[in-house]
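Please take these sequences and the hints and turn them into a complete structure.
Heads up, the sequence shown is in my numbering, so the first residue is 226 and it goes up one at a time.
Rather than coming from a laboratory, the hints here were simulated on the basis of the structure.
Remember, predicted model here, so these are calculated numbers, not experimental data.
Glycine residues also receive a C-beta, built at the ideal position from the N, C-alpha and C atoms.
A hint or two may mislead.
To be verified - Derived DEER-like restraints, expressed as beta-carbon distance ranges: (1) C270 / V295: 21 to 27 angstroms; (2) H288 / P252: 17 to 23 angstroms; (3) V327 / P252: 21 to 27 angstroms; (4) N300 / A354: 56 to 62 angstroms; (5) Y311 / R351: 45 to 51 angstroms.
Claimed, not checked - Keeping only pairs whose Cα atoms sit at most 30 angstroms apart, straight-line, the calculated DSSO-like set for lysine-lysine is: (6) K352 / K304; (7) K322 / K304; (8) K263 / K322.
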Amino acid sequence: MKRLLLLLLFVSGAASAALAPGSLPDPAQETRARALQKELRCVVCQGESIDDSNAPIASDIRHLIRTRIVAGESNDQIKSYLVSRYGDFVLMAPPLKPTTWVLWFGPVAVLLGGAVVGSIVVIKARKRARSMT
226 MKRLLLLLLF VSGAASAALA PGSLPDPAQE TRARALQKEL RCVVCQGESI
276 DDSNAPIASD IRHLIRTRIV AGESNDQIKS YLVSRYGDFV LMAPPLKPTT
326 WVLWFGPVAV LLGGAVVGSI VVIKARKRAR SMT
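Following this line, the structure appears as structure tokens:
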């Protein structure tokens with residue numbers, strides 16, 4: 226009975242390793258999949274590519290990419306599918322268009338807004354200090 230359990234454990238482990246992402250038989254396809262994964266953002270982690278993310282959805286997308294590469298789709302077709310499903314935010318470098326201006330210019334706008342507010346506070350503090358003396 227112990228041998229049967231060990232055999233089942235071994236077989237299930239081998240089967241899961243065979244199905245694990247990162248195991249395309251063609252090295253060129255695997256390299257292509259890894260490069261594409263680095264260009265796509267994890268929709269849960271947001272700051273990581275799906276290549277770096279451990280989130281379950283990132284694993285699902287990695288598997289989807291490999292499946293579509295094996296099916297013969299181009300990188301652009303795969304990206305188009307993912308963008309249609311998750312929006313431009315899934316791209317690590319989203320295209321510059323009106324719907325993505327917030328992604329591109331939002332951080333700069335927040336930084337400039339903070340600098341303006343900080344400058345106003347400093348100027349008012351100096352005026353108050355001068356009026357007290």
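Going down the list of hints, with the structure as the test:
Distance hint check: the CB atoms of C270 and V295 are about 26 angstroms apart, consistent with the given range 21 to 27 angstroms. H288 and P252 have their C-beta atoms about 18 angstroms apart, which keeps the hinted 17 to 23 angstroms range intact. Restraint check, V327 to P252: a C-beta distance of roughly 39 angstroms breaks the suggested window 21 to 27 angstroms. As the Cβ distance of N300 to A354 is approximately 60 angstroms, the hint placing it in 56 to 62 angstroms holds.
Taken as a hint, the range 45 to 51 angstroms holds for the pair Y311 and R351, whose Cβ atoms sit roughly 48 angstroms apart. At most 30 angstroms may separate the alpha-carbon atoms for a hinted pair to count; K352 and K304 exceed this at roughly 55 angstroms. Distance restraint check for K322 and K304: the Cα-Cα separation of roughly 17 angstroms lies within the 30 angstroms cut-off, and the hinted pair is therefore satisfied. For the hint pairing K263 with K322, the CA-to-CA distance comes to about 22 angstroms; that is within 30 angstroms, so the pair holds.
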